[in-house]
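J.: Sequence:
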Amino acid sequence: MTPALRQTAVVAAVAAAVACGGGPATPAEPADYAIVGAQLIDGTGGAPIPDSVLLIRGDRVVAAGTRADTGVPAEAEVVDGAGKTVIPGLVDMHVHYLGDRATIDRQFRTQLYFGVTTARSIGADGPELVPLMLEAHAGRPDAPRVFTAGRGFTAPDGFNAALAQQPGSEEDAREMVRQLAGQGVHFVKMWVNAVPEPGDTISPEIRTAIVEEAIANGLVPVAHIDDEADGRQLVEAGLRDFLHSTVLTFGPGAGTPVDDPEPSAEFIRMSVENGVAFTPTLSIIQNNWHFAERPELLEDPELRAAFHPDALARWEDPEARAEVVEAPGFEDRKAAFRQVQDFVRTMHDAGVRVALGTDAGTPNVPMGWGVHHELELYVEAGLTPMQALVAATATGASLTPPVGEAEFGTLEVGKIADLVVLDADPLADIRNTLRIDRVMKAGAWVDREGLLPPAP
Numbered sequence: 010m011t012p013a014l015r016q017t018a019v020v021a022a023v024a025a026a027v028a029c030g031g032g033p034a035t036p037a038e039p040a041d042y043a044i045v046g047a048q049l050i051d052g053t054g055g056a057p058i059p060d061s062v063l064l065i066r067g068d069r070v071v072a073a074g075t076r077a078d079t080g081v082p083a084e085a086e087v088v089d090g091a092g093k094t095v096i097p098g099l100v101d102m103h104v105h106y107l108g109d110r111a112t113i114d115r116q117f118r119t120q121l122y123f124g125v126t127t128a129r130s131i132g133a134d135g136p137e138l139v140p141l142m143l144e145a146h147a148g149r150p151d152a153p154r155v156f157t158a159g160r161g162f163t164a165p166d167g168f169n170a171a172l173a174q175q176p177g178s179e180e181d182a183r184e185m186v187r188q189l190a191g192q193g194v195h196f197v198k199m200w201v202n203a204v205p206e207p208g209d210t211i212s213p214e215i216r217t218a219i220v221e222e223a224i225a226n227g228l229v230p231v232a233h234i235d236d237e238a239d240g241r242q243l244v245e246a247g248l249r250d251f252l253h254s255t256v257l258t259f260g261p262g263a264g265t266p267v268d269d270p271e272p273s274a275e276f277i278r279m280s281v282e283n284g285v286a287f288t289p290t291l292s293i294i295q296n297n298w299h300f301a302e303r304p305e306l307l308e309d310p311e312l313r314a315a316f317h318p319d320a321l322a323r324w325e326d327p328e329a330r331a332e333v334v335e336a337p338g339f340e341d342r343k344a345a346f347r348q349v350q351d352f353v354r355t356m357h358d359a360g361v362r363v364a365l366g367t368d369a370g371t372p373n374v375p376m377g378w379g380v381h382h383e384l385e386l387y388v389e390a391g392l393t394p395m396q397a398l399v400a401a402t403a404t405g406a407s408l409t410p411p412v413g414e415a416e417f418g419t420l421e422v423g424k425i426a427d428l429v430v431l432d433a434d435p436l437a438d439i440r441n442t443l444r445i446d447r448v449m450k451a452g453a454w455v456d457r458e459g460l461l462p463p464a465p
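Those letters in the sequence shown? Residues 10 to 465, by the numbering used here.
In short, the hints are calculated from the structure, not lab data.
Note that the Cβ used here is the ideal one computed from N, Cα and C, for glycine as well.
Keep in mind that a hint or two might mislead.
No farther apart than 25 Å at their CA atoms in a straight line, the calculated lysine to any residue pairs in the SDA-like style are these [as the list claims (entries may be wrong)]: (1) Lys343 with Glu302; (2) Lys93 with Tyr42; (3) Lys343 with Glu271; (4) Lys93 with Gly423; (5) Lys343 with Asn297; (6) Lys343 with Ala390; (7) Lys343 with Glu389; (8) Lys343 with Asn283; (9) Lys93 with Ala83; (10) Lys93 with Arg66; (11) Lys93 with Ala147; (12) Lys343 with Gly284; (13) Lys343 with Thr355; (14) Lys343 with Asp326; (15) Lys93 with Arg440; (16) Lys343 with Trp298; (17) Lys343 with Pro327.
What follows is a list of derived Cβ distance ranges for each label pair [what the hints assert, rightly or not]: (18) Gly413 with Leu306: 36 to 44 Å; (19) Gly227 with Glu137: 19 to 27 Å; (20) Asp78 with Glu282: 36 to 44 Å; (21) Gly413 with Arg347: 28 to 36 Å; (22) Arg187 with Pro165: 18 to 26 Å; (23) Phe339 with Glu180: 32 to 40 Å; (24) Glu271 with Glu389: 27 to 35 Å; (25) Gly459 with Asp432: 19 to 27 Å; (26) Arg440 with Asp181: 44 to 52 Å; (27) Ala336 with Pro140: 42 to 50 Å; (28) Ala225 with Asp151: 33 to 41 Å.
Starting from the given sequences, assemble the full structure and let the hints guide the process.
T.: Here you go:
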């Protein structure tokens, strides 16, 4: 639309409002883009705004309100939002970028295609990959805004030893954290969970040294846990950011229900009082059988394009699918998963912050697409669609440094304009987050055409 036609449309709209008895809208802020007429879900958890006007100038939101109260500047490029819903860009707080640079670049582009505008790379980035993550963090237009933990920590021969640093003493751990700080990372990750012999869990003394040194160097410590006692010790040490849950082990006995799946009242109190957050990552658990039970999902070309080729080949094999669903203990695995979903609901309802992460990068969790599936699993767990969207936007953003001061994650005035325009209402059906019309990152429309690799 030319500027002259836009101005004519605005004048006509104001005249119509006056004729209907309403006054003209508030004089418009200068803007580059105006999304007009959509339902606006701003990420704060507040009531959605129907028939909204969202104005973007540069990389920021400059106005957000009803059409009746928010004027549209003549110079703005107008996007017709009638029948659409606008949500903040999605935040995946648990990602592992694995492979060579070309592979990781494809992963970045796939995430953007699915509306993931921010991601946390949490523990698999060696010194050779950290500069690439920092490049994405600084504003690469074809990548999400990436926060990195560099290379994480585990016990000698412990969980994920192939990926992680393995300090043998407290001083070793402190020096390794200082080296990470020198690389410019944002988080420090540790795997604190038991594994089969010969491995062990990282000792409480070394955990504490990592937490203290991270905080002293301006980094945010994060821990993968599966045991409440470990969670208590880490909260006492000063850690506030957990991955996974306290009700599903990743070592011996993984995939079977636990006898006492509920977090204790004392741990919940400790978590609330200390501002603890969990990123539970349900997809990595359920996707061990989800596509065996639902092979029809593999007909979706977007999902196929996002899937790791090895995992896609496995789930397309009828014999491999049958081996999963007919295996002894299959129903126990599903029951254990439901306990983790209950954990998510219990912690959220108690006031513990719950963010959203997928463990994308592991073969069974498709990049980008997995965030939308995780949203669905949160709603199945008992969160409302609005609560799930807040987890996937504002809550995740609030965990990034400087903690509590994120400039993205909500569509409020002054915040960075990361957003997704949807063709259907996610509050009516959370699966509608996959019905993406367009994506904006930092005030610029993403050219989605060509971002997704061809489907196999």
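J.: Now tell me, hint by hint, if it's right for this structure.
T.: Hint by hint, here is what the structure shows:
no.: 1; hint: Lys343 with Glu302; result: holds, 12 Å
no.: 2; hint: Lys93 with Tyr42; result: holds, 16 Å
no.: 3; hint: Lys343 with Glu271; result: holds, 17 Å
no.: 4; hint: Lys93 with Gly423; result: holds, 23 Å
no.: 5; hint: Lys343 with Asn297; result: holds, 10 Å
no.: 6; hint: Lys343 with Ala390; result: holds, 13 Å
no.: 7; hint: Lys343 with Glu389; result: holds, 14 Å
no.: 8; hint: Lys343 with Asn283; result: violated, 32 Å
no.: 9; hint: Lys93 with Ala83; result: holds, 22 Å
no.: 10; hint: Lys93 with Arg66; result: holds, 21 Å
no.: 11; hint: Lys93 with Ala147; result: violated, 30 Å
no.: 12; hint: Lys343 with Gly284; result: violated, 31 Å
no.: 13; hint: Lys343 with Thr355; result: holds, 18 Å
no.: 14; hint: Lys343 with Asp326; result: holds, 21 Å
no.: 15; hint: Lys93 with Arg440; result: holds, 14 Å
no.: 16; hint: Lys343 with Trp298; result: holds, 9 Å
no.: 17; hint: Lys343 with Pro327; result: holds, 20 Å
no.: 18; hint: Gly413 with Leu306: 36 to 44 Å; result: holds, 38 Å
no.: 19; hint: Gly227 with Glu137: 19 to 27 Å; result: holds, 23 Å
no.: 20; hint: Asp78 with Glu282: 36 to 44 Å; result: holds, 39 Å
no.: 21; hint: Gly413 with Arg347: 28 to 36 Å; result: holds, 33 Å
no.: 22; hint: Arg187 with Pro165: 18 to 26 Å; result: holds, 20 Å
no.: 23; hint: Phe339 with Glu180: 32 to 40 Å; result: violated, 47 Å
no.: 24; hint: Glu271 with Glu389: 27 to 35 Å; result: violated, 18 Å
no.: 25; hint: Gly459 with Asp432: 19 to 27 Å; result: holds, 20 Å
no.: 26; hint: Arg440 with Asp181: 44 to 52 Å; result: holds, 47 Å
no.: 27; hint: Ala336 with Pro140: 42 to 50 Å; result: holds, 43 Å
no.: 28; hint: Ala225 with Asp151: 33 to 41 Å; result: holds, 35 Å
In the structure shown, a violation is registered for the earlier hints numbered 8, 11, 12, 23, 24, in ascending order.
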